[in-house]
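**Q** Starting from the known structure of chain A, fit chain B onto it as the hints suggest.
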Amino acid sequence: MIEVKHLVKCYGQFTAVDNLSFEIPTGCVFGFVGPNGAGKTTTMRIMAGLLRQTTGEVLYDGKEMTSDRKFLKETVGYMPDFFGVYDNLKVKEYMDFFAGTYYIPVDDRKALIDNLLQLVDLEEKKEAYVDSLSRGMKQRLCLARSLIHDPELLILDEPASGLDPRARVEMKEILKTLGDMGKTILISSHILPELSEMCTQIGIIDKGRMQIQGTVAEIMRQLTKKRVFHVKVLDETDVAAARAREFASVRDVVEGEREIHFAFEGSEEERAAILASMVRAGVPVIDFREQEGNLEEIFMTITGGGQADA
Amino acid sequence: MRNPIIKREMQTSLRSWKLFYVVCAYVAFLLLVAYLFLETMVSQTVYSGFDPKDVIYLYALLSGIQLAFVLLAVPSLTAGSISGERERQTLDILLTTKMTPFSIVFGKLVAGIGQLLMMIVATLPVYAVLYYFGGISIWHILSTTLYLMVTAVFIGSFSILFSCIYKRTMISMLVVYVLFGLLIFATAGGYLIYLAYINSQASMLNVIATPNPLAYLGCFAFNPGAGFFSLLSVQIGTNPILSWFGYAGAMPALPLPTWVINVVAELVLSVGILALAAKKINPLKRK
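In order, the protein sequences belong to chains A and B.
Numbering follows the numbering used here, in which position 271 of the first sequence is assigned residue number 277; successive positions increment by one, without gaps.
Numbering follows the numbering used here, in which position 151 of the second sequence is assigned residue number 149; successive positions increment by one, without gaps.
So here's chain A without its partners, still in its complex pose (with noise of 0.2 Å):
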């Protein structure tokens, strides 16, 4: 578990961090939204031992990772949001150089290397020199190179920007196996919807404060107040929106082609018992589902119409 407690970072009059708090929890991809200058990168750049905060403290595990420097470098893994590559240096050169910053015995890089190219699909660029990658494939490469040394805490500052749709779905499947490895994962990206696939987490942050932490549906569900779902049918559209009806916790029923759907303030009992209740009255159902959040929209009512950025 990661607690990131009263966190103030100030530049002279300046307060880039203002007071922030907020927990991720072992094995969760947190998905760190907010608008320019929200302090995102500030909080990163701290976690990732980069800047010194003004006050506050980061826990991991209940320790305080920011001054155990030996720790924090074991602990964490960090991709910046822009980064370079050296000119002259293959791929796996590249992972050599990085695995012998980590010290890490030389007998054991090549397997570790092969591992982790492959995780990354790169293993067929791994004699290729590093500047004539695309940028999908350095940014994929960057990833690689923060995981060399096997690291908890993954800080991941805006891995998709710049990329293009099909280098994004790469990364964000990358990016899924890693969560399923347990690593836990602090991710920016100001492709919202994409954080809403993707993340386990979600904490809004806005003018160095967060303004709202938890699942993407928790954060809809306190922001709308309601639940809206879909409902597709085969047929007996109509018998299907007057089943709806009969439940008060149901409102504002909209019949359309072979679907419907309505607003929901109940509990998950109630919502499986709507669907029982059509079953039993014969209607053909063939998807019964939440619609799910939009973070893009979250992020506009939270911020007040912000520019989603880095």
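Hints are not guaranteed to be accurate.
What the hints assert, rightly or not - Simulated DEER-style distance windows between Cβ atoms:
id, chain 1, residue 1, chain 2, residue 2, range
1, A, Phe88, B, Ala126, 49 to 55 Å
2, A, Thr32, B, Cys22, 54 to 60 Å
3, B, Gly188, A, Glu158, 33 to 39 Å
4, B, Val20, A, Met187, 33 to 39 Å
5, B, Thr88, A, Thr221, 33 to 39 Å
6, B, Ser141, A, Met187, 54 to 60 Å
7, B, Thr88, A, Gln228, 49 to 55 Å
8, A, Ala117, B, Leu267, 56 to 62 Å
9, B, Ser74, A, Thr221, 26 to 32 Å
10, A, Thr61, B, Leu144, 48 to 54 Å
11, A, Asn121, B, Thr88, 45 to 51 Å
12, B, Leu265, A, Arg58, 31 to 37 Å
13, A, Asp113, B, Cys22, 36 to 42 Å
14, A, Asp93, B, Leu267, 30 to 36 Å
The hints are simulated quantities; they were obtained by calculation from the structure and are not laboratory data.
Since this is a predicted model, take the numbers as computed values, not measurements.
Beta carbons are placed, not taken as given, at the ideal position from N, Cα and C, and that holds for glycine.
**A** For chain B alone, coordinates are given in the frame of chain A:
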């Protein structure tokens, strides 16, 4: 190799043709100088005879060119080391690794000096010309090379410090050139003024002026030129510093030769400067 920066810098610089061309051009230049020197000496003495012991001056000339090369080349090899990482946006990544800021700046220095050492070693066969005539030993060449490398470390550590301070490589280089220009020439000028002052005082009292050792050390302890000429005087038997200042009393009596004092003082200061450079790039330093 424990320091990965040294390995990487060597790997990338040796892979490029640039270093090869520079080494070739520099060796060719020294060969040309040696050829012209010998050609001139032989042609001018065709009737009066050729004195082989004058070839020792070719050794002094070649060593002088090596010193000038070190003074000019080291800033260009090292002044971009940290600012270059910053320009490439790789410094932050390096700072999050297990390498300490000191090991980063130390690796950068050794990598830069390593390239210079390669160039200096490549020129050693040029000195073989001198062996044909005799007068110098391998120890002369080795001690001069060693002194040049200490000078390179001294200049390199300042270059790296400025590279940590200034964001642009060109500014770092410029500041190093100005600093070492002042360190070599302004201190010599200052000592000349000091000598003129104590001589005028002494002549009024009708005594022989004796320079204060601290004034001498203050001017020359960190002056690579003074150390170089001191070493040369030990090797070839004449002291160019004394000839600069015109009389034997210009130098105070010191327990060690100037070049030994230089080597010790420059190495000690280099370590301090590197530590300061490391502090400059340490993101968690306390103000």
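**Q** Among all the numbered hints in the text so far, which are the ones the structure does not match?
**A** 3, 4, 7, 8, 9 and 11
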